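In order, the protein sequence lines correspond to chains Y and Z. Take 1 as the starting number for the first sequence in the numbering used here and just add one per residue. Take 1001 as the starting number for the second sequence in the numbering used here and just add one per residue.
Among these hints, one or two may not hold up.
What the hints assert, rightly or not - Every beta carbon over 12 Å from chain Y, so not counted as near; a handful from chain Z, in silico:
1. 1023
2. 1093
3. 1097
4. 1117
5. 1132
6. 1133
7. 1257
8. 1288
Unchecked claim - The list that follows gives simulated cross-link-like pairs (lysine to aspartate or glutamate, EDC-like), each with its CA atoms no further than 16 Å apart:
9. 147(Y) - 251(Y)
10. 16(Y) - 1106(Z)
11. 1042(Z) - 40(Y)
12. 4(Y) - 1098(Z)
13. 4(Y) - 1103(Z)
Hint data in this document are derived by calculation from the structure and do not stem from the laboratory. Everything numeric in this text was worked out from a predicted model, so none of it was measured. Every residue gets a Cβ at the ideal spot worked out from N, C-alpha and C, and that includes glycine.
Number of protein chains: 2
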Amino acid sequence: MNLKEIGEFGLIRRIKPLCFIRKENIIKGIGDDCAVYEIDRKRAALFTTDMLVENIHFLRNKISPFELGYKTMAVNLSDISAMGGKPSDAFLSIAIPDNITVEYIDELYRGMIFACKKYNVNILGGDTTGSKKDLVLNIALTGEIQKNKILYRHNAKIGDKIYINGYLGDSSAGLDIILKNINIDKEIKNYLIKCHNMPDIYIDEGIFLSETGAVNSCIDLSDGISSDLAHICEESSCGALIYEKSLPVSDNLKKFAEIEKKNPIDIVLSGGEDYKLLFTVKKIAQKILRKNILKSLKKTCSVLVKSLRGMTLF
Amino acid sequence: MNLKEIGEFGLIRRIKPLCFIRKENIIKGIGDDCAVYEIDRKRAALFTTDMLVENIHFLRNKISPFELGYKTMAVNLSDISAMGGKPSDAFLSIAIPDNITVEYIDELYRGMIFACKKYNVNILGGDTTGSKKDLVLNIALTGEIQKNKILYRHNAKIGDKIYINGYLGDSSAGLDIILKNINIDKEIKNYLIKCHNMPDIYIDEGIFLSETGAVNSCIDLSDGISSDLAHICEESSCGALIYEKSLPVSDNLKKFAEIEKKNPIDIVLSGGEDYKLLFTVKKIAQKILRKNILKSLKKTCSVLVKSLRGMTLF
């Protein structure tokens, strides 16, 4: 049978029941942004891993090694943020083709360490090997959180409101510009390309959301809202209602869509790699949360409210 | 600068000082079989990761998917065994080319789970993605150990005796047979190929060694004794004396070397991927250890003494 017939998630469903051999200490296995296991009575360890493959996730001549290093670390950090956790230590496996120089690898590490320094994360080890053709990067990242603060996908409740902490579709538009060399105002171009190559990550925002006690579920938007919101719905056994007018569209994306003669909403719904946090808030707690968000706006969560929009789970 | 000029270990030396950003809780970073960090006053967590790349580490038509799955897990388990630890949870990242079937992936998982069941290890998550050409597998594996029981590379002392818990060179001969289709007795052929494709792993032996209190240092022989013993020497600031007659050579390797008109010692010294444990024992403790090993032979450590040979660090 061809793998395309069942897809990535079909494959995961197929192998998931076989993989759970020892139950002790395991809080969450396959099926969320991170695996979770108990450290002691209060603390839990988080664990995530993400692989970036040349010619699948990136074109080597379209992203600088610094940006690629940053992004490889960022996509893993994003998974920790989606659980409300604090990242700890990273492990890099890298398969390097012959035509890559020492200077390229230096820049790649500079990009990774730029992201690490921001969040006090070590690169504690890994594996370095050759590759016949494609550059392959895999990061495994650990994190920590209080057991009673973890944000899951599976805990959304009917009546929750859905929030997103920033604009969607910008990364996808950035990729389009990179691939097609679209003629567009330089400032807009730089903004959209940055959204794709060096996405912001929301560790402090994730921790803040987990501390509020008002958030029932959370996911990072890596595949796109259509796909990722469906994960929350599937894991939480509920549906979701999205109002078109509530979807967060940046002015830059509107301009891009105008030039490309596209509907920005299509880009917002299907575009991936924005790495914003989508979270659902207890109906009863929404006023408190809004107040809290506004209150802490000037500290860590300045991005959180920019495009705070309500959608409803039903 | 070309990467070949500095090599894998030159690259590691180059990036190592940059990667250590946060010191709290870290017991050992880059430079051993696993990274080690503190869980609490008594316990430490172990962490390792290994990547297998098609056409670098394996040829897809020369190893069954079951064997490949087993071996990918085994090389990571081996790193945990070298620290004396107990493995806990594995995370698999896999980049899958289009021409791989669902049945192939099923067999690959069957092989991994065969290794996991033996040691009570979960596959708790990972990442599944596409690949333009080569199949790439990365496993990140956690483990646990008492803090005062950890076996490092850096603690060998002058006067220690060096031991290896099995034959060397068999895996390298097996690879030769696979690649060159050498005409040799079927039983010998099967034994040597098994040593390459499905190497035994020594978790119980590693735990036993760490419990004795008599072992100063340990490493798993993945690159070959010349290279791996040099790691112990470098990390421990000492030299090593190897007696040719003490090197553990299997009868099957002797027969293979005869047919191939090679010196078996050359194969033993340079061949990699045997995944035996090389460990150094306190001079004063050697009699006790021997007695202990013999005593527990009938339980977990049946392999340990088969080719127990003495060599000396000086």
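Verification of the hints:
A Cβ of chain Y approaches the Cβ of residue 1023(Z) within 12 Å, the least distance being about 9 Å, so the stated non-interface status is violated. Remark: the non-interface label on residue 1093(Z) conflicts with the geometry, its nearest Cβ contact in chain Y lying 4 Å away (cut-off 12 Å). Against chain Y, the non-interface label of residue 1097(Z) is violated: not every CB pair exceeds 12 Å, the least being about 10 Å. The claim that residue 1117(Z) lies off the interface is violated: its Cβ sits roughly 6 Å from the closest Cβ of chain Y, which falls inside the 12 Å cut-off.
For residue 1132(Z), the requirement that its beta carbon stay farther than 12 Å from each beta carbon of chain Y is not met, with the minimum near 5 Å. Taking the minimum C-beta to C-beta distance to chain Y, about 6 Å, the non-interface status of residue 1133(Z) is violated against the 12 Å cut. The Cβ of residue 1257(Z) lies farther than 12 Å from every Cβ of chain Y, with a closest approach of about 28 Å, so its non-interface assignment holds. Under the 12 Å C-beta cut-off, the non-interface status given to residue 1288(Z) relative to chain Y holds; the minimum distance is some 33 Å.
Taking the CA atoms of residue 147(Y) and residue 251(Y), the gap is about 40 Å. The hint is violated against a cut of 16 Å. With a C-alpha separation of about 11 Å, the suggested pair residue 16(Y) and residue 1106(Z) falls inside the 16 Å cut-off, and the hint holds. Between residue 1042(Z) and residue 40(Y), the direct Cα distance comes to roughly 12 Å. Compliance with the 16 Å bound is thereby established for this hinted pair. Distance restraint check for residue 4(Y) and residue 1098(Z): the Cα-Cα separation of roughly 8 Å lies within the 16 Å cut-off, and the hinted pair is therefore satisfied.
About 13 Å separates the Cα atoms of residue 4(Y) and residue 1103(Z), which keeps this hinted pair within 16 Å; it holds.
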